[in-house]
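Colleague: Sequence:
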Amino acid sequence: MKSIPNTNDDDIVEHKSPFFIGLKKYFILPIKAGLYGFTLVFAVILLVKLLSFLLGINEVFNLDLMDVILSSVGFFFMFLIYILKNLH
Numbered sequence: 001m002k003s004i005p006n007t008n009d010d011d012i013v014e015h016k017s018p019f020f021i022g023l024k025k026y027f028i029l030p031i032k033a034g035l036y037g038f039t040l041v042f043a044v045i046l047l048v049k050l051l052s053f054l055l056g057i058n059e060v061f062n063l064d065l066m067d068v069i070l071s072s073v074g075f076f077f078m079f080l081i082y083i084l085k086n087l088h
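At position 78 of the sequence shown (counting the first as 1) the number is 78 in my numbering, and the numbers step up by one without a gap.
Derived by calculation from the structure, the hints in this document are not laboratory data.
Since this is a predicted model, take the numbers as computed values, not measurements.
Watch out, some of these pointers could steer you wrong.
As the list claims (entries may be wrong) - Once the Cα atoms are required to be at most 27 angstroms apart in a straight line, the calculated BS3-like pairs of lysine-lysine come out as:
(1) Lys32 to Lys16
(2) Lys85 to Lys32
(3) Lys24 to Lys85
(4) Lys85 to Lys16
(5) Lys85 to Lys25
(6) Lys49 to Lys32
Said to hold, decoys possible - Quick list of simulated restraints, FRET-style, between CB atoms:
(7) Glu59 to Lys32: 37 to 47 angstroms
(8) Leu51 to Phe19: 24 to 34 angstroms
(9) Ile21 to Ile69: 45 to 55 angstroms
(10) Ser17 to Lys85: 21 to 31 angstroms
(11) Leu35 to Phe61: 19 to 29 angstroms
(12) His88 to Lys32: 14 to 24 angstroms
(13) Leu55 to Ser17: 46 to 56 angstroms
(14) Tyr36 to Phe61: 20 to 30 angstroms
Glycine is no exception: its CB is placed at the ideal position from the N, C-alpha and C atoms.
Required output: the full structure, derived from the provided sequences and hints.
Modeller: Following this line, the structure appears as structure tokens:
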């Protein structure tokens, strides 16, 4: 009977440098999660402003710098959550 080998990235770390493992775990993956958080918050803001424009609540559809700043809070929170999750 043949068995199927498990190819999980966490199991195969013999050939990887600890520096690159740490770089990916504590820098690249948290930034990726932060970008997802930024995108999520920005999409919600965009959707709410678009709906308020289409329903006639606002006469003008505009995005300000404050919308980007608020979305960066989403980036910060997702980045922080991912860093703290990796520290376990």
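Colleague: Evaluate each hint against the coordinates.
Modeller: Results of checking the hints against the structure:
1. As the CA atoms of Lys32 and Lys16 are separated by approximately 21 angstroms, the hinted pair is consistent with the 27 angstroms bound.
2. Restraint check for Lys85 and Lys32: the C-alpha separation of about 14 angstroms stays at or below 27 angstroms, so the hint holds.
3. Note on Lys24 and Lys85: the hinted pairing holds, with a Cα-Cα distance of about 14 angstroms set against a maximum of 27 angstroms.
4. Simply put, Lys85 and Lys16 have alpha-carbon atoms about 22 angstroms apart, close enough for the 27 angstroms limit, and the pair holds.
5. Using a Cα cut-off of 27 angstroms, the hinted pair Lys85 and Lys25 holds, with the two alpha carbons roughly 10 angstroms apart.
6. Among the hinted pairs, Lys49 with Lys32 is consistent with the structure: their alpha-carbon atoms are about 26 angstroms apart, no more than 27 angstroms.
7. In this structure the hint that Glu59 and Lys32 lie 37 to 47 angstroms apart at CB holds, the actual value being about 38 angstroms.
8. Checking the proposed 24 to 34 angstroms range against Leu51 and Phe19 shows it is violated: the Cβ atoms sit about 47 angstroms from each other.
9. For Ile21 paired with Ile69, a C-beta distance near 33 angstroms fails the hint of 45 to 55 angstroms.
10. At roughly 23 angstroms, the beta carbons of Ser17 and Lys85 sit within the given window of 21 to 31 angstroms.
11. As the Cβ distance of Leu35 to Phe61 is approximately 25 angstroms, the hint placing it in 19 to 29 angstroms holds.
12. Remark: the range hint 14 to 24 angstroms for His88 to Lys32 is upheld by a beta-carbon distance near 19 angstroms.
13. Roughly 55 angstroms separates the CB atoms of Leu55 and Ser17, a value that falls within the hinted 46 to 56 angstroms.
14. One distance hint, 20 to 30 angstroms for the beta-carbon pair Tyr36 and Phe61, holds here, with the actual separation near 25 angstroms.
Comparing the model with each numbered hint stated earlier shows that hints 8 and 9 do not hold.
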